[in-house]
Amino acid sequence: MNITSLEALRALYDPVRERSALKELPQLDVHATRFIGLSPLVVLSSAGANGALDASPRGGEPGFVKVLDPQTLLIPDAPGNNRLDTLENIVQTGQIGLLFLVPGMDETLRVNGRAMLTTDEADRERCTDARRVPKLVIRVTVQASYLHCAKALMRSSLWDAGRQVERSVMPSMGEMLRDQIGDRLSADAPVETQAQMLERYRQTL
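One point on numbering: in full-length UniProt numbering, the residue at position 26 of the sequence shown is 26, and numbering is uninterrupted.
If you are wondering where the hints come from, they were derived from the structure by calculation, not from laboratory data.
Each hint should be verified, as a subset may be incorrect.
With a cut-off of at most 25 Å between alpha-carbon atoms, the simulated PhoX-like pairs for lysine-lysine come out as follows [what the hints assert, rightly or not]:
1. K135 to K66
2. K66 to K23
3. K151 to K23
Working from the sequences, and respecting the hints, build out all of it.
The following block contains the structure:
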């Protein structure tokens, strides 16, 4: 049976616990600010005007996302594949959802808000790291912030080193792309080994 109404959905589950219902805050508090300062990884979710969805991981040194004040975050844009899916979505709708992770912690932090792209020099300087001044910064106006419980990461044992797989269990990125889109690639397009790809990445990290 397909679930097609909110009433049918709610009937399957127990009532939400009080603290879960109340935990959403309209701004960053001291704990959220500290969490972001410890986080080297955030997943950005966005939606385009045509409904196209995107979820993109962004990484850096812990605290690479800057908390300007309880309502404002600055996320530096780093070199990528130049598809610009997330950035194009932000230009179109300004909607953004963030999921912050901290290695070793099973809790995560969720932040929702409005985003805009800026090349403001002061914002770019605030986001400068040892490698570069970013071309642009994603400025987020926080509308909701809340801690997400540890269950998902506990179930996945994400931080358990004993559960990590060897990279060799999957082909290299180049080999997988060859299998997926090889018939549309230029005839002379090289197939990178994993080592070659990682070396190329290191040049632009």
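Evaluation of the provided hints:
At roughly 16 Å between alpha-carbon atoms, K135 and K66 fall within 25 Å of each other, so this suggested pair holds. Annotation: proposed proximity of K66 to K23 holds, straight-line Cα distance about 23 Å (limit 25 Å). Proposed proximity of K151 and K23 is supported: the alpha carbons are some 16 Å apart, at most 25 Å.
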